[in-house]
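Given chain B's structure and the hints, the job is docking chain Z onto it.
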Amino acid sequence: MFGELAVLEDFDLSLRQGEFVSLIGPSGCGKTTLLKIFAGLIKDFSGELECQPHEESELFASVVFQDFAFFPWLNIFDNIKICLNSPIMDSKKNRLVSSYLERVRLLDFKDYFPGDLSEGMIQRANVARALASCSKVILMDEPFVHLDFLSRIQLQQLTLEILAGELRTVFFITHNIHEAVTLSDRVVLMSARPGKNVKEFLIDIPRPRDVNKIRENRRYLDLVGEITELLTVEVERTQRQFQQWIKNKHSVL
Amino acid sequence: MDKKQTFGPLSKRLGALFNAPVILLILWELLARFQVIDSRYFPAPVAILRRLAGLLLHDPKFLSDLSFSLKRLVLGAVLAVPFAIALGLIMGLNQRAARFFNPLISVTYPIPKLSVLPLLMILLGIGDASKVAIIAIGIFYLVLLSVIHGIRRFPEIYSYIAQIYRIPFFKKIYSIVLKGILPDILYGCKVGIGYGLVMVVAGEFFAAKNGMGFFMWNAWDQFRILDVYVGLAVFSLMGLAVFSFFDLLLLKLKWRGRPRLW
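As they're listed, the protein sequences go chains B and Z.
1 is the number of the first residue of the first sequence in the working numbering; add one for each residue after it.
254 is the number of the first residue of the second sequence in the working numbering; add one for each residue after it.
Read the hints as simulated data drawn from the structure, not as lab findings.
Just so it is clear, CB atoms sit at the ideal spot from N, CA and C, and this is done for glycine as well.
Do not take every clue at face value.
[Said to hold, decoys possible] Stretch-level coverage of chain B by chain Z, calculated; a stretch enters the list once three of its residues show a Cβ under 8 Å from a Cβ in chain Z:
(1) 39-46
(2) 68-75
(3) 157-168
(4) 240-251
Just chain Z, same shape as in the assembly:
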């Protein structure tokens, strides 16, 4: 018990660094440095980061690749999330709509999203449209399912309160339903946009002239192994950024995690 108090905030923060990825990176660095593993195929993390920093500072093509990927991800999210929330609300609140759309969701959800890419490229061309579309599709389902699940979890008493106190429709949608499922929306966005990154790479592997996927594919093509790792690092950092962003927003919802009485 006394030990706990001797750990100040600084040592606590240092302790937080003592986790799986950090230990793995240190191990990897050491193994590569001392040539236990072949550093041509497994370059040391520091070397990868140095290369990444160099590219960010001096290579305008790399920067534009990065911004193209980000732009596609953001565009895909902006297209998918509002639609997913709207359809989720309709399906969550209206039994008839749920019965109408549910089979469609059940049939289309299990299709691997990537397998739709060839069709999208035929329909929308090989340009940005098909790439953004595949990202949007990837994000859409996860947000939609999360929203529907959130509404289903509402206890019956919420609708009793709304009926008895005659809460008007728009107030009900905004102050009760949307605010109530905000954690589910954020969680859906977190998982969905994280998954959207998969679609970013996949879309940019084929018939692309820019983007981080293109950068990685090119690096593989020209056997620049270090750059393949740079691409991986960028995607992993982007994923980390997406997760951290939504986790932070979720933490801001102070009412969550409070003990539910009864």
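Chain B extracted, bound-state conformation:
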């Protein structure tokens, strides 16, 4: 898929059950590639992917996409229900969809078409779908990147609250350091391409957390500062790589 170009190199990561791990790194360092490998969308890679033993019939990993990821011709309820494909009773599927729609406060909108909802509502439905699919692992690829500031804060709070009662493992990709620290148990910093994990930060801020209050937390501020410093180094490295690449390209021409 990428020819001879190595997107990831020496990348090593393990997730514990119920853990919320964020991956942060410069653009183009292979974050999305990694997520696609986890999700099974890329099968042609060298390396090892090991999952906890699970029933073949149950879904192991679900994904919350950053883009508009619904079928415009199905209403929100059916859009979620069509993604529940484990062998369970139809009535149980209906209950699952309803209960998660309720938890993301969209139950009143279950008959609406996706095109009628706002970006924030769509991403809430996206989260509800991942949860309703009952997967052990939820992969989130910059899910709130298109939202305005306030919707983003709301969605972060909602994510914190919903996940508090669930034993789900979440792998969360973001560019936003504040978001990563707010939500995670662990933040992994990825290097410039070829991506490898540079450093891990344990986010030892007690839960339950509040998106607004956490910003005054001393430990939060220290962590954000520390991660920002290291990320800056990697981003600058990426920029140098890019400039070099442009120079090479022009010298060939």
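Relative to chain B, chain Z alone:
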């Protein structure tokens, strides 16, 4: 701004009548009435409609001609549309099938469909079979191309969702692909069946004993100019009916035309 509110629904409906065909018909009627144009060659629309009504009410042969044409059109559509959808699905979803069939479509599509009629008449005889076949061929391509185009337009993320959430094959075909390309299918049918009318006339011009094409050809032969116009009016109304029917179905798809986010 205030003016808009004073226009009630009635005047709005009257306003909708104020369009090109209506104005043209009124102009035509007046010109023919006052003998500005020769009404033997350009009979007034009202005269044409009166003749049409008379034929519909009193002439069983005309009614059977009409029903023969409709029957052929419907039969042609019933034969063509399912095949076109099926092949379109296969070509749209399978790269290898697309590579296999594409050259065939590219080579045969540009052939004027009418030019195949002589061959069809040799192979299938001069009866109904060749007439229905030429109609079906005319409809087939337009529906097929529309279906393929519809599937090609699907964003990549649809297949990601289907893979990640393991949506089973038949659910995928029915709830995602078919429902998703329904507007394209309907649009293809609209254009295709409208085009099928061309094939109806053409088929019935040659070696036919009935049908609206035969009626028109006969009228020309016997120099009944008014009846030639009646034939034209019938085809134009049939076309209008086909277009309106599919436009109505397309309007029923409420999810269309909603703003796409991102």
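Verification of the supplied hints:
1. 39-46: Contact hint for the region 39-46 of chain B vs chain Z: holds, 3 residues under 8 Å.
2. 68-75: holds (count 6)
3. 157-168: Per the Cβ count (0), the hint is violated.
4. 240-251: violated (count 0)
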